[in-house]
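**Student:** Keeping their order, the protein sequence lines are chains S and D. Heads up: the first sequence begins at 1 in UniProt numbering, then just goes up one per residue. Heads up: the second sequence begins at 1 in UniProt numbering, then just goes up one per residue.
There's no promise every hint is true.
What the hints assert, rightly or not - Here are the simulated distance ranges between beta carbons:
no.	chain 1	residue 1	chain 2	residue 2	range
1	S	70	D	84	49 to 57 Å
2	S	109	D	111	17 to 25 Å
3	S	30	D	124	32 to 40 Å
4	S	63	D	84	40 to 48 Å
5	S	68	D	84	51 to 59 Å
Said to hold, decoys possible - Listing some non-contacts, in silico: residues in chain D with all C-beta distances to chain S over 12 Å:
no.	residue
6	14
7	25
8	39
9	41
10	42
11	45
12	47
13	54
14	58
15	82
16	92
17	94
18	98
19	111
20	113
What the hints assert, rightly or not - Selected chain S positions facing chain D (Cβ under 10 Å, derived; list incomplete):
no.	residue
21	35
22	36
23	45
24	93
25	97
26	99
27	102
28	104
29	106
Note that these hints are calculated values from the structure, not bench results. C-beta atoms are modelled at their ideal positions from N, C-alpha and C, and glycine is treated no differently.
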Amino acid sequence: MNDSPAPNLDRIFAALADSTRRAILLKLTDGDEGVMDLAAPFDMSQPAISRHIKVLETAGLVTRYRQGTHRLCRLAPDTLGQIEPWLDMIADRYRRKYNRLDAVLETMKPSQKGDN
Amino acid sequence: MPPLQLSLEGDTDVVVTRQFNATPENVYRAHLEPDLICQWMAAWPGWTMPVCESDAREGGAFRFEFEGGEEGSFTTTGEYITLTPSSLIVHIERMHMPDPAPDSHVRTTFEASGTGTLLTLRMTLPDAESRQGMMDMGAADGMELSYSKLDEIMS
Chain S
1 MNDSPAPNLD RIFAALADST RRAILLKLTD GDEGVMDLAA PFDMSQPAIS
51 RHIKVLETAG LVTRYRQGTH RLCRLAPDTL GQIEPWLDMI ADRYRRKYNR
101 LDAVLETMKP SQKGDN
Chain D
1 MPPLQLSLEG DTDVVVTRQF NATPENVYRA HLEPDLICQW MAAWPGWTMP
51 VCESDAREGG AFRFEFEGGE EGSFTTTGEY ITLTPSSLIV HIERMHMPDP
101 APDSHVRTTF EASGTGTLLT LRMTLPDAES RQGMMDMGAA DGMELSYSKL
151 DEIMS
């Protein structure tokens, strides 16, 4: 159990606060890529791109895996894409249910308070 | 009432907290007694609960059927694991739309807080694949649609 999800969010936002890294993420939405291919559109050395990828990896936005002799990068959709709508759905559902529960509790008060 | 708070703990736990202006005993009972449950658990206007069965014993089962007319319908079933009066409900639940989704484990505590009750609900999320499947099913049932419609009405 992680008691402080905040640092993770900090890392995610820090990772996203760079246009090169956002461009890398955008490119990865088309499919997995090697570092060389990811570096191609940028006027940047491969080590520099590797450092950007490392930041994205640390934030949990990108995963790296080996395919033969190549190291490929892949979007980690869990971090951004899947948790958020799920949490929205849960929050929305409970917000509505509990608003209705307030009204039910109101009706219980006079007759049923202290009733065991 | 303070608004509902929702936070993610670790990769799999969602924690919801909400303050109620009622005793822990009444909030607890409203979660277990069918004639009370059926008045609030259908979250969306126009939806009803034609079936609301709750065998409120440890090991007892519950079955809630939700009917939303053109917006669809679904059923939630589950079992109570731990029941401590006015204080704790641990249960397992699953949605059927109509195929059963994986089990969710839910722990709800009721604590006296100020003049009311602080409810804390901790739900263990299904894995990413199951989540996506349930989202897709929800969307297919028109639930997403009704959410956005409601947002318009209530904003």
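**Student:** The structure should be examined with respect to each hint, and the outcome stated for every one.
**Tutor:** Against the structure, the hints come out as follows:
1. Roughly 56 Å separates the CB atoms of residue 70 (chain S) and residue 84 (chain D), a value that falls within the hinted 49 to 57 Å.
2. Taking 17 to 25 Å as the suggested C-beta distance range, the pair residue 109 (chain S) and residue 111 (chain D) conforms, at roughly 19 Å.
3. Restraint check, residue 30 (chain S) to residue 124 (chain D): a C-beta distance of roughly 34 Å satisfies the suggested window 32 to 40 Å.
4. Look at residue 63 (chain S) against residue 84 (chain D): about 42 Å separates their beta carbons, and that is inside 40 to 48 Å.
5. Separation of residue 68 (chain S) from residue 84 (chain D) is about 57 Å and conforms to the stated range, judged on CB atoms against 51 to 59 Å.
6. Residue placement check: residue 14 (chain D) does not keep its beta carbon more than 12 Å from all beta carbons of chain S (closest about 6 Å).
7. The non-interface label for residue 25 (chain D) is inconsistent with chain S: the shortest C-beta to C-beta separation is roughly 7 Å, within 12 Å.
8. Not every CB of chain S lies more than 12 Å from the CB of residue 39 (chain D), the least distance being 5 Å, so the non-interface label is violated.
9. Listed as outside the interface, residue 41 (chain D) is inconsistent with that label: its C-beta sits roughly 6 Å from the nearest C-beta of chain S, within the 12 Å cut-off.
10. The claim that residue 42 (chain D) is not at the interface with chain S is violated, since a C-beta of that chain comes within 12 Å of its own (minimum 8 Å).
11. Consistency note on residue 45 (chain D): stated as away from chain S, yet its beta-carbon is not over 12 Å from all of that chain's, at 9 Å minimum.
12. Distance check for residue 47 (chain D) against chain S: the nearest CB is about 10 Å away, which does not clear 12 Å, and the non-interface claim fails.
13. For residue 54 (chain D), the non-interface assignment is confirmed: its Cβ lies about 14 Å from the closest Cβ of chain S, beyond the 12 Å cut-off.
14. The Cβ of residue 58 (chain D) lies farther than 12 Å from every Cβ of chain S, with a closest approach of about 18 Å, so its non-interface assignment holds.
15. The beta carbon of residue 82 (chain D) sits about 19 Å from the closest Cβ of chain S, which is more than 12 Å, so the claim that it is off the interface holds.
16. At roughly 16 Å from the closest C-beta of chain S, the C-beta of residue 92 (chain D) stays outside 12 Å, upholding its exclusion from the interface.
17. No beta-carbon of chain S is positioned within 12 Å of the beta-carbon of residue 94 (chain D); the least distance is around 15 Å.
18. Separation of residue 98 (chain D) from chain S is adequate, the least Cβ-Cβ distance of about 19 Å exceeding the 12 Å criterion.
19. For residue 111 (chain D), the condition that its CB be more than 12 Å from all CB atoms of chain S holds, with the nearest at approximately 15 Å.
20. Every C-beta of chain S lies more than 12 Å from that of residue 113 (chain D), the closest at about 14 Å, which supports listing it as non-interface.
21. For the restraint placing residue 35 (chain S) at the interface with chain D, the shortest Cβ-Cβ distance is roughly 26 Å, beyond the 10 Å limit, so the hint is violated.
22. A distance limit of 10 Å between C-beta atoms decides the matter here; for residue 36 (chain S) the minimum to chain D is near 29 Å, and the interface restraint is violated.
23. Residue-level restraint check for residue 45 (chain S) is violated (minimum Cβ-Cβ distance to chain D is 34 Å; threshold 10 Å).
24. For residue 93 (chain S), the interface hint holds, since its Cβ comes within 10 Å of a Cβ in chain D; the closest pair sits about 5 Å apart.
25. Evaluation of the residue 97 (chain S) hint against chain D yields a held restraint, the C-beta minimum of about 5 Å falling below 10 Å.
26. Interface restraint check for residue 99 (chain S): the shortest CB-CB distance to chain D comes to about 9 Å, inside 10 Å, so the restraint holds.
27. The interface hint given for residue 102 (chain S) is met, as the beta carbon of that residue sits about 7 Å from the closest beta carbon of chain D, less than 10 Å.
28. This hint holds: residue 104 (chain S) has a C-beta 5 Å from the nearest C-beta of chain D, less than the 10 Å allowed.
29. Interface hint status for residue 106 (chain S): upheld, as the beta-carbon distance to the closest one in chain D is roughly 8 Å, under 10 Å.
Hints 6, 7, 8, 9, 10, 11, 12, 21, 22 and 23 from the earlier list are contradicted by this structure; the remaining hints agree with it.
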